[in-house]
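Asker: In case you want the letters, here they are:
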Amino acid sequence: DAGVTQSPTHLIKTRGQQVTLRCSPKSGHDTVSWYQQALGQGPQFIFQYYEEEERQRGNFPDRFSGHQFPNYSSELNVNALLLGDSALYLCASSLGQTSYQPQHFGDGTRLSIL
Amino acid sequence: KQEVTQIPAALSVPEGENLVLNCSFTDSAIYNLQWFRQDPGKGLTSLLLIQSSQREQTSGRLNASLDKSSGRSTLYIAASQPGDSATYLCAEGGSEKLVFGKGTKLTVNP
Chain F
1 DAGVTQSPTH LIKTRGQQVT LRCSPKSGHD TVSWYQQALG QGPQFIFQYY EEEERQRGNF
61 PDRFSGHQFP NYSSELNVNA LLLGDSALYL CASSLGQTSY QPQHFGDGTR LSIL
Chain R
115 KQEVTQIPAA LSVPEGENLV LNCSFTDSAI YNLQWFRQDP GKGLTSLLLI QSSQREQTSG
175 RLNASLDKSS GRSTLYIAAS QPGDSATYLC AEGGSEKLVF GKGTKLTVNP
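Protein chains in written order, with the numbering used here: chain F, 1 to 114; chain R, 115 to 224.
It should be emphasised that the hints constitute simulated quantities derived from the structure, not laboratory data.
By construction, the Cβ of each residue, glycine as well, lies at the ideal position given by its N, Cα and C atoms.
Fair warning: there could be bad hints in the mix.
Result set (DSSO-like, lysine-lysine): computed pairs, CA atoms no more than 27 Å apart in a straight line [unchecked claim]:
1. R:Lys182 <-> R:Lys216
2. R:Lys219 <-> R:Lys115
3. R:Lys216 <-> R:Lys156
4. R:Lys115 <-> R:Lys216
5. R:Lys182 <-> R:Lys156
6. R:Lys115 <-> R:Lys182
7. F:Lys26 <-> R:Lys156
8. F:Lys26 <-> R:Lys115
9. F:Lys13 <-> R:Lys156
Derived coverage of chain F by chain R (criterion: at least 3 residues anywhere in the stretch with Cβ under 8 Å from a Cβ of chain R; other residues may be distant) [unchecked claim]:
10. 39 to 45
11. 100 to 107
Just chain R, with the same shape it has in the complex (with noise of 0.2 Å):
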């Protein structure tokens, strides 16, 4: 059975601060990795796709790391924001569908 897990559930840091959230995935046959971003009563955005192929992908202050081998995945955000603010889920990609870990709800203290 797929399973994505993310820790940690909740993270709380000052504005400014360099942080990693974490995903780790027990599929070693995943396609890709997405990372989205999900505002309160919102839909998801996509912030980032890492193909099984690559090793990482960036995105302006934020970069994703796959480690298949180890069935990992990491979102390195650099100088947080406020608005950096939300719930981030990682998921693992199958032939149709996402398996998604139930994120991590990122709070940025001005």
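Only chain F is shown next, with the shape it has when bound in the complex (with noise of 0.2 Å):
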């Protein structure tokens, strides 16, 4: 039984730039969350997504978006990369309303800006 993939595992970009990370969820699970974790701190919210749609989002701006596909895999895009956005990116899965569900992790995207 599959976990949840991410990849790409690490990722260098540059200022300005754009970037996609990509998640896939635990076999069966339908709802994909995204969270950003800086060096020595918690994962932060970003967005949820279900049945293709953003359900809730956390406190980043427009730069970062996503997309949900009909397998339930998802998307994190963000552009105009900043410095700031140096972090451990996270996904995780569970199964329908998250409030009932344990959420289950991938390993996470590590992204460099330079």
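Hints given; two lone chains; assemble the complex.
Answerer: Okay, here's the thing in structure tokens:
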């Protein structure tokens, strides 16, 4: 039973560039959430996708956008990259409404901005 | 504003010791409280999930408690082992998102 998979594992970009991160949820899960974890901090909620719609969004600018596909996989896009976007980006999946279900996390994508 | 605080930020103990990690939260209307483990450079591994209607959950040497009235949760680790060394994060679960603390970095010395 495959867990949550994220790609790529590591990525290096320069300021002003754009990046796309990918996530495949755990088998049977239909809800995907994205989190940003800066060094030494806890993860911060970016947004959540369910039925291909953004269901809730955290305190992140519009430079952060996402998409969910019919097979429940998801992409996180970040435009006009800033040095402060350097972080570990985590994808979590769950089944249905997350308030009663544990969220399962992938190993993340480490994004470094030069 | 929802806030989660974890104390201490770091803890070092000798192997075999029992220990308690603390988590406090401000939102009394939480749906659940989840404890995670994170190894360096890795993602999060879910350890225990306590629903708001529950008081505690147990898995092996781990026991987590939840007191909504005081806004506190504890993670008890029995007979600690060097392999338990990691950062432990607690997160309060709302309707869609998790709000995390900064974690407690645990080192278990052989």
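Asker: Hint by hint, note whether the structure agrees.
Answerer: Results for each hint:
A threshold of 27 Å between alpha carbons decides the hint, and for lysine 182 of chain R with lysine 216 of chain R the separation of about 20 Å falls inside it, so the pair holds. For the proposed pair lysine 219 of chain R and lysine 115 of chain R, the alpha carbon gap of about 25 Å is at most 27 Å, so the pair holds. The straight-line distance between the Cα atoms of lysine 216 of chain R and lysine 156 of chain R is roughly 15 Å, inside the 27 Å bound, and the hint therefore holds. Restraint check for lysine 115 of chain R and lysine 216 of chain R: satisfied, since their Cα atoms lie roughly 16 Å apart, inside the 27 Å limit.
Annotation: proposed proximity of lysine 182 of chain R to lysine 156 of chain R is violated, straight-line Cα distance about 30 Å (limit 27 Å). Under the criterion of a C-alpha separation no larger than 27 Å, the hint pairing lysine 115 of chain R with lysine 182 of chain R is consistent with the structure, at around 17 Å. Distance hint between lysine 26 of chain F and lysine 156 of chain R is fulfilled; the C-alpha atoms sit about 17 Å from each other, no more than 27 Å. Annotation: proposed proximity of lysine 26 of chain F to lysine 115 of chain R is violated, straight-line Cα distance about 31 Å (limit 27 Å).
With a C-alpha separation of about 20 Å, the suggested pairing of lysine 13 of chain F with lysine 156 of chain R holds against the 27 Å cut-off. For the segment 39 to 45 of chain F, the assignment as covered by chain R holds, since 6 residues bring a beta-carbon within under 8 Å of that chain's beta-carbons and 3 suffice. Check result for the segment 100 to 107 of chain F against chain R: holds, 7 residues qualifying (beta carbon to beta carbon below 8 Å, three or more required).
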